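Top line first, the protein sequences correspond to chains R and H. Quick note, the first sequence lines up with residues 1 to 637 if you use my numbering. Quick note, the second sequence lines up with residues 1001 to 1258 if you use my numbering.
No lab work stands behind these hints, which were simulated from the structure alone. All values derive from a computational prediction rather than experimental measurement. Take the hints with a grain of salt, since some may be wrong.
[Unchecked claim] Using C-beta positions, here's what the derived DEER-type ranges look like: (1) E373(R) - E1028(H): 43 to 49 Å; (2) N389(R) - N1075(H): 21 to 27 Å; (3) G256(R) - G1076(H): 17 to 23 Å; (4) E1198(H) - N24(R): 34 to 40 Å; (5) K612(R) - E1028(H): 45 to 51 Å; (6) N32(R) - K1109(H): 41 to 47 Å; (7) D485(R) - S1016(H): 23 to 29 Å; (8) S1122(H) - T19(R): 40 to 46 Å; (9) K1011(H) - K254(R): 43 to 49 Å; (10) N1241(H) - K465(R): 50 to 56 Å; (11) K1109(H) - L614(R): 48 to 54 Å; (12) S1122(H) - L614(R): 35 to 41 Å.
Backbone N, C-alpha and C fix where the C-beta goes; we use that ideal spot for every residue, glycine too.
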Amino acid sequence: MATILNAKIPEGNISEKWTNHKFNMKLINPANKRKYQIIVVGTGLAGASAAASLGELGYNVSAFTYHDSARRAHSIAAQGGINAAKNYQNDGDSVYRLFYDTVKGGDYRSREANVYRLAEVSGNIMDQCVAQGVPFAREYGGLLDNRSFGGAQVSRTFYAKGQTGQQLLLGAYSALSRQVGKEKVKLHTHKEMLELVVVDGIAKGIITRDLLTGEIESHSAHAVILATGGYANVYFLSTNAMNCNTTAIWRAHKKGALFANPCFTQIHPTCLPVHGEGQSKLTLMSESLRNDGRVWVSKIKKDMREPNDIPEEERDYYLERKYPSFGNLSPRDISSRSAKEVVDDGRGVKGGEAVYLDFRDAINRLGKNAIEEKYGNLFEIYETITGDNPYNMPMKIYPAPHYTMGGLWVDYNLMSTIPGLFVLGEANFSDHGANRLGASALMQGLADGYFVIPYTIGNYLASDKPELIPADHDQFKKDKSGIEDLTKKLISINGKHTVDELHKKLGRIMWNKVGMARNEKRLNEAIDEIRNLREEFWKNVKVVGSAEGLNQTLERAGRVADYLELGELMAYDALERKESCGGHFREEYQTEDGEALRDDQNYSYVSAWEFKELGKWEHHKEPLEFEYVKLATRSYK
Amino acid sequence: MSDGRINLKLKIWKQSGPNFPGSFADFEVQVSPDASFLEMLDELNNDLESKGLEPVAFESDCREGICGTCGLVINGQPHGPIPKIATCQLHMRNFKDEDTIWVEPFRAKAFPVVKDLIVKRSAFDKIMYAGGFVSVNTGGVPDANAILIPKEKAAESFDAAACIGCGACVAACKNASAMLFVSAKVSQFALLPQGQPERYERVQKMVKVMDDLGFGSCTNTYACEAECPKGISVRNIARMNRDYFVAKVKSANLEVEV
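Pulled out of the complex, with its shape left as it was, chain R reads as follows (with noise of 0.2 Å):
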């Protein structure tokens, strides 16, 4: 039988849990602290904030990027915002409020005190930013500004023009320079982390390999911290930026760390559609275009009329139809789902897979110069990629995998299964349950490096104690030798696909079959379609090059080779999870009128999977309690 997970969530009232526990924990004097080092991976938001808190405290840290700098991670492509429970709008948002919605937005499948935690820090977050000199929007009166997001009713989000990803990393990066300059960071640039090397059970450092000169390096530490963000890029087509991938966290995962609720992804409702096989990648359109546009699509099968000859009373606006109190700012599972409802009836743009988003509207109330200075810069991304003008013709989107909710399991002080190792952001799993709400993930991202980590990993060091293992120890020499084999094998393959070929593949099985829409007959047509490729791929794959020196087919194909592994146990998730929730929409389990159907009784847990040999997992659960928000169907009827 699986054995239960200890979260370690501290006792006490939701609102005094960490409270108390900032105050239980163990401290490390001011001047010990130099005496320990910490490995940060990855310098996104999470990263970044971790690093140079960590830099400021004391710590002697070393952090990792496979960037050029550290300045590039994918944070920074982030548009909308960020949410913060300051209620400077007087309109009845409040910590608990933050929380309520979070765990709500989630669909029940979160840890309270967990989200409790973020909504908490979510104020000090935005004191810090504005104190490094992020230059957020304002109002006349010099005030902060804020905007709405899909699946609240307050106005509780901080932008900075469709750049707020951008402003906040770069924040953290000229915290994370500050320390860099003072030496207490060493950043590692252009290196990428490919094994967690683990001695009795405890993480004690990384193997990298240097994309400049191919060569492998062993880094040792007190604590290893991993904050490389998610695996959309399963699915080939995403919103991810071309290099994020699953690498650190599943070779993770196969030292021993559990990884927890994989197959919850994000969906996002407002990308632009597929132009053709030639497509690397998708973009996002930010949410925030649905505070002002309308979703429609014509209520005629295959209508080939242009949109605007279709005439008002043959639209059919869909999400406000079904979502009268939200409307257009629906979560995004539903109103992704909602989109695929109308494209699989055949009423998608001209038959196709798109719908539209119309501005029209709200041009004609607000007048086109308001609508310009909210979105300008949005609406001229989207005339660049399509050649359309959005301001005469509604924009054609339609959803694209973007986020995953998934990730290693980690307790409540963020250290995963295996002691030493803690996970930050996107790649751990603790709060944002089966969907994550818009304008959260900056939120998390910067909670978990700027004011969660600095304080956990400090009790960790206090209480257990960890050695430092020289990095010529053996377990060292096993690990970087097994890359180094690794490596040799995928170049000496030289078959017939290339790395890209393969990637579509599988981008294509799990986007048909382990997507939007998931059945039990699918699920498990992809877990033999996934390792008949995965064959395939170690028979079969080309690499050019050699493993000397720069070589980017290298780099993807090792990614690659660790979506193979990591998209079947995807299919494994989602068909043990015998309900509909959040991002996890499976057809046999739904109301009558198609909305996703629950199953507390049985399903209110984390699953988190231990890897126990290729294609083999022990299934564990994390029972989850909600003592603070009831359990209810989540409607936004």
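On the provided structure of chain R, position chain H as indicated by the hints.
Only chain H this time, still in chain R's reference frame:
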């Protein structure tokens, strides 16, 4: 043309490493006009790889014009012929069937070529390490709304902060000057109350490192602004020069150690 696809001749810079000579290599591609420029290169590379040939090395990441990773000189212009976009946002509908396209890396003394179209831009980061921040630690800061900032000041600061650190300004400048990049960061903070305490120290530190790293001087040609994918204004350079001058006048002794 077939199925609306266009045929193109490519002349792409190939260079195996920083200490090797480079040259242009010829390629031919057929591509959908809806594809982006980098998707065109992806297709080319996939073709090369399937033939067992080495692909063209180029860097990119977000493909949305915000991470600043990509950067090619296309037909002599950094980020190509369309103003105010990054290379990844350039689409093939801007080219005609049978066009010849020249593709080169960003060239500057401070940006050595790593391979083919990839250059090393760590010099930008080194300038940031010297002073591109407000010295506040995590925690212990005032409430976010305790600092009032006029809307237009915040907007002006944002416009400077929108820099993506791609290096097109350096590649566009005949002197390979980094003044637009450095002045954008200096201005972001100089325009905000949070940046005032370190305003004059910051500008001196950042300019010193910039000079040490081999970037050229600014001769006001404004090529940087013209090629900047984010439209960063040269007024930032004027502001930085003013601050630098004030810093020097304020105290001849304020020379800072870096």
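Hint by hint, here is what the structure shows:
For the pair E373(R) and E1028(H), the beta carbons lie near 45 Å from each other, so the given range of 43 to 49 Å is met. At roughly 26 Å, the beta carbons of N389(R) and N1075(H) sit within the given window of 21 to 27 Å. For the pair G256(R) and G1076(H), the beta carbons lie near 54 Å from each other, so the given range of 17 to 23 Å is not met. Judged by the Cβ atoms, the range 34 to 40 Å given for E1198(H) and N24(R) holds: they are separated by roughly 38 Å.
At about 50 Å, the CB distance of K612(R) to E1028(H) agrees with the hint of 45 to 51 Å. As the Cβ distance of N32(R) to K1109(H) is approximately 45 Å, the hint placing it in 41 to 47 Å holds. In this structure the hint that D485(R) and S1016(H) lie 23 to 29 Å apart at CB holds, the actual value being about 26 Å. In this structure the hint that S1122(H) and T19(R) lie 40 to 46 Å apart at CB holds, the actual value being about 42 Å.
Between K1011(H) and K254(R) the Cβ separation comes to about 45 Å, which falls inside the hinted range of 43 to 49 Å. Separation of N1241(H) from K465(R) is about 54 Å and conforms to the stated range, judged on CB atoms against 50 to 56 Å. Distance hint for K1109(H) and L614(R): a CB-CB separation of about 50 Å, consistent with the stated range 48 to 54 Å. For the pair S1122(H) and L614(R), the beta carbons lie near 39 Å from each other, so the given range of 35 to 41 Å is met.
In this structure, only the earlier hint numbered 3 is contradicted, and the remaining ones agree with it.
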